[in-house]
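Peer 1: Can you build the whole structure from these sequences, using the hints too?
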Amino acid sequence: QVHLVESGGGLVKPGGSLRLSCAASGFTFSDNYMAWIRQAPGKGLEWLSYIDGTSSDTNYADSVRGRFTISRDNAQNSLYLQMNSLRVEDTAVYYCVGDVSQIRNAGDWGQGTLVTVSS
Amino acid sequence: DVMMTQSPLSLPVTLGQPASISCRSSQGLVYEDGSTFLSWFQQRPGQSPRRLIYKVSNRDSGVPDRFSGSGSGTDFTLKISRVEAEDVGVYYCMQATHWPWTFGQGTKVDIK
Chain A
13 QVHLVESGGG LVKPGGSLRL SCAASGFTFS DNYMAWIRQA PGKGLEWLSY IDGTSSDTNY
73 ADSVRGRFTI SRDNAQNSLY LQMNSLRVED TAVYYCVGDV SQIRNAGDWG QGTLVTVSS
Chain B
-17 DVMMTQSPLS LPVTLGQPAS ISCRSSQGLV YEDGSTFLSW FQQRPGQSPR RLIYKVSNRD
43 SGVPDRFSGS GSGTDFTLKI SRVEAEDVGV YYCMQATHWP WTFGQGTKVD IK
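Protein chains in written order, with my numbering: chain A, 13 to 131; chain B, -17 to 94.
Worth flagging that the hints you see were computed from the coordinates, not collected in a lab. The C-beta atom is built at its ideal place from N, Cα and C for all residues, glycine as well. Hints are supplied without guarantee of correctness; some may be wrong.
Sample of chain B residues at the chain A side, in silico, Cβ under 10 Å [unchecked claim]:
1) Gln29
2) Tyr36
3) Val72
4) Met76
5) Thr79
6) Trp81
7) Gly86
Derived lysine-lysine pairs resembling DSSO-like cross-links, with alpha carbons at most 30 Å apart [said to hold, decoys possible]:
8) B:Lys61 x A:Lys55
9) B:Lys90 x B:Lys61
10) A:Lys55 x A:Lys25
11) B:Lys94 x A:Lys55
12) B:Lys90 x A:Lys55
Peer 2: Dropping the structure here:
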């Protein structure tokens, strides 16, 4: 059974940085694309980024391109999101997402970690 | 970006009655391999989203068969044949054919 657990959220000032982690289990992590999706408080869902199993294929939403970096460590079965130059509008719950079939189907979600950007 | 427009945005329903949510995309959703990456998610209060349907009409394991998905091109529908109390929540459609993959605004389902 796929299990995804995010960590690393918290309160950060505008312009600051934060690194989110996602610990994965229950599937062959290195074989699968992974992604990050966020949800601002009381708002809808936004895809941020995805990465393939070998870290050779990545993509970003325009809203975070150049500020956020997705990466992974297959030896540790872990996914990361390095977030720099954070803005107030980045305040959201960040979800780690996977799918053993195709990442486009977004079948498996973590419980989320809350990032609050505020002075 | 592909815009996903859901209607209605609020759906009060009577227990045991059917419910239907529409999702319209601003572009066709057929991918180069012939797949249509249109999914439906349920988000109960305080929980992460849970996928119900993928590729238009494929129901996930463990999802009650009262949930069904249909559609093609730019028009898609999620139907609940008989609403139960546990179905309360927000429902989202999502397209993953064109990057950035995008969600609808969400439809809040509650009990009358």
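Peer 1: Among all the numbered hints in the text so far, which are the ones the structure does not match?
Peer 2: none
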